[in-house]
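Participant: Sequence:
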Amino acid sequence: MAAELQAKSAYRPEIDGLRALAVVAVIINHFNKEILPSGYLGVDIFFVISGFVITSSLAGRPSKNFGDFITGFYVRRIKRLVPALAVFVVVTSILIGLFNPDPEASLSTGIAALFGLSNLFLLQQSTDYFAASTELNVFLHTWSLGVEEQFYFLFPFLVWFTGFSRLAAKGARNLFWLTGMLSVASLVAFVYFYQANQPAAYFLMPTRLWELGAGCLLLLGLKQPNRFRVLQRMPPALVTVAILGVFFIPLQFAVEATVAAVLLTLILIASLRSGTAAYAFFTYPSVIYIGLISYSLYLWHWSVLSISRWTIGIHWWSVPFQVALMLLLAIASYRYVETPLRRSDWSSVRWRSLVYGIAASGTAALILLGLLLPFKGMLYTGSNSLPDANSIPTEIPCPAAAVTNDRHPKFLIVGDSHAAHLSPLFDNTPLKCMVSRETMSVTIFPVLYSRISDRPDYPVKPRALARVRDRVGVQYQQKIDALTKGDVLVVSSRYLCRLFSRCFSLQLFDKYNQFFDDDLHKISEEDVQNLYITKLVRLGEELKARGIKVVVFLPTPEIRQSPEMCKREWFRPWPPSGCSVAAETLQARQKIVGKFRSRVPASAESNIYFYDGFSRLCGSNAETGCQNISDNPSLLSDATHIGLPGARLLYDDFYAFLRQNDMIKTP
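Residue numbers (this note's numbering): 725 to 1391.
Hints should not be assumed to be uniformly reliable.
Stated by the list, open to error - Straight line, CA to CA, 30 Å or less: simulated DSS-like cross-link-like pairs of lysine-lysine: (1) LYS1389 x LYS1156; (2) LYS1389 x LYS1209; (3) LYS1156 x LYS1268; (4) LYS947 x LYS803; (5) LYS947 x LYS1134; (6) LYS1134 x LYS1389; (7) LYS947 x LYS894; (8) LYS1315 x LYS1259; (9) LYS1156 x LYS1100; (10) LYS1259 x LYS1100; (11) LYS1203 x LYS1100.
Worth flagging that the hints you see were computed from the coordinates, not collected in a lab.
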């Protein structure tokens, strides 16, 4: 039995060929998501391969005892992963420090990656893997290493205690059923959390275990003569074409595409056999070599792309040079770091090899901490980042006439993060001397609260309903009740764009689906718009009777890039795309304003006042472009929120608006 297991665990070159397919798909997707929308599923193929190969490597491996088994396993994993990772992280950290004035996000992710925790760090940061801003984090892609390393921490215990590694009579069966049960639970969790909490489904090892477990189950199944025989008879060329087809599936079918990619990978591994065209392709020497260097290539490809985005950008003419640089770095890493250190004997005592690996990660982490703390910014070769934002004083002295015993009107700002970004307009301008300000986030005011109170038939999830009623609804109502005559309610929400015009082409609606069932999409957009306006007008009428006015702060301009990326530097001779407000966005905003103007009564009648600072932030010719932001991106604190300079720019216009509508007392 032992000899049979070892024979069937022999090296399969076609597996390295499959690795090549996976890493190429990932690289194409990271170059341009529109070319291969689901190319990122190459990572999922890697997971399946890892589960298959790691189980194969443990099959029949002799061990004296559990201590010998577990230390041997971890030493092999450390020698395989740590050297190339540590060198990559240190070199990339130094490089990004040359071009990013504040690389804290990247360096923190790199430190976590050195200890197999970057997936948890990114989850804690509520990272959206598919957001444009993630392209600037040079270590974002290390999340998959975190998933694998955490799986490697768990799996050897399963292998040993089921008896598989000790060649117990029922060891393979025990491992098969235990891994099968864990994989089913993991798959259920993945599907559930992808709807309820997508970052958790994407980054957590428990929700990814089913993919690694699938590879393990395949290896165990193939060792049984009659199990999975039907898979082995499948035409591998057809399966390969099907995998390529999955790479073109749109992102909105991510769950289905992921499951399909995993199943097809299992079938392909099982069906690849000598004499077929697919086998000949996957065992072609050049393809095998790409698979052999795939680990180093995966590490370095993202840093090349990310640093390129910080500098010259990614263009049709730059792609050949960037691909060549990826290959050069990967080959050097594989030849001079990965291979020699994996094959060498670090120590005759295994636990010392473990210590050496941990010490290497710790040393690299200390270097990154140095770049993050005492030497922060010292490597940066550009000019000071966004100097306009830092040159404006935040302290505004109040004129003597404003310091009176009269009660200042209270401004309650309600909405999402687009309510919070108005704080500098009230706190860092002379308005702070004339009003008091409080901000409350209720996500998508007033739609979310309205759906619960006005449309009980809407498919709201029970837990979300209780959360909104208890936390958001009650607090919101208490703050509304606390307003008195002369106070002002300000409504500011980015959701208005998604609600009325789908501007910015962002799937903002999906962000709030955690509160609702999938049937929410069946509700017409017109119905939701009418509900919003009905609730808003009713609120205006209720507050009018109490002498409280309502201001709707129409959405401010947004760009697709971070402001620091839009500043010209010697290493960034031309700004990347997305540094200006697109023409379609300007047209979309006109729809928002038009719908409000046509469906909400006049301000004096409805008590609803609209403030639109768009032209002030964009310039006099806002119909054709947004020149102010293009010339001075520091007006925005990030791609979607106004910063302190933007607030100062709005002040005169907003102050005149408040005076015109008798909302403030002038000193």
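Participant: State for each hint whether it applies.
Facilitator: The hints, checked one at a time:
1. LYS1389 x LYS1156: Judged against 30 Å, a Cα distance of about 12 Å means the pair holds.
2. LYS1389 x LYS1209: holds, 13 Å
3. LYS1156 x LYS1268: holds, 25 Å
4. LYS947 x LYS803: Roughly 28 Å between the alpha carbons, so the hint for LYS947 and LYS803 holds.
5. LYS947 x LYS1134: violated, 73 Å
6. LYS1134 x LYS1389: With Cα atoms ~12 Å apart, LYS1134 and LYS1389 stay inside 30 Å; holds.
7. LYS947 x LYS894: holds, 13 Å
8. LYS1315 x LYS1259: Between LYS1315 and LYS1259 the Cα gap is close to 20 Å, so the pair holds against 30 Å.
9. LYS1156 x LYS1100: violated, 34 Å
10. LYS1259 x LYS1100: Since the Cα atoms of LYS1259 and LYS1100 sit roughly 50 Å apart, the hinted pair is violated (cutoff 30 Å).
11. LYS1203 x LYS1100: violated, 43 Å
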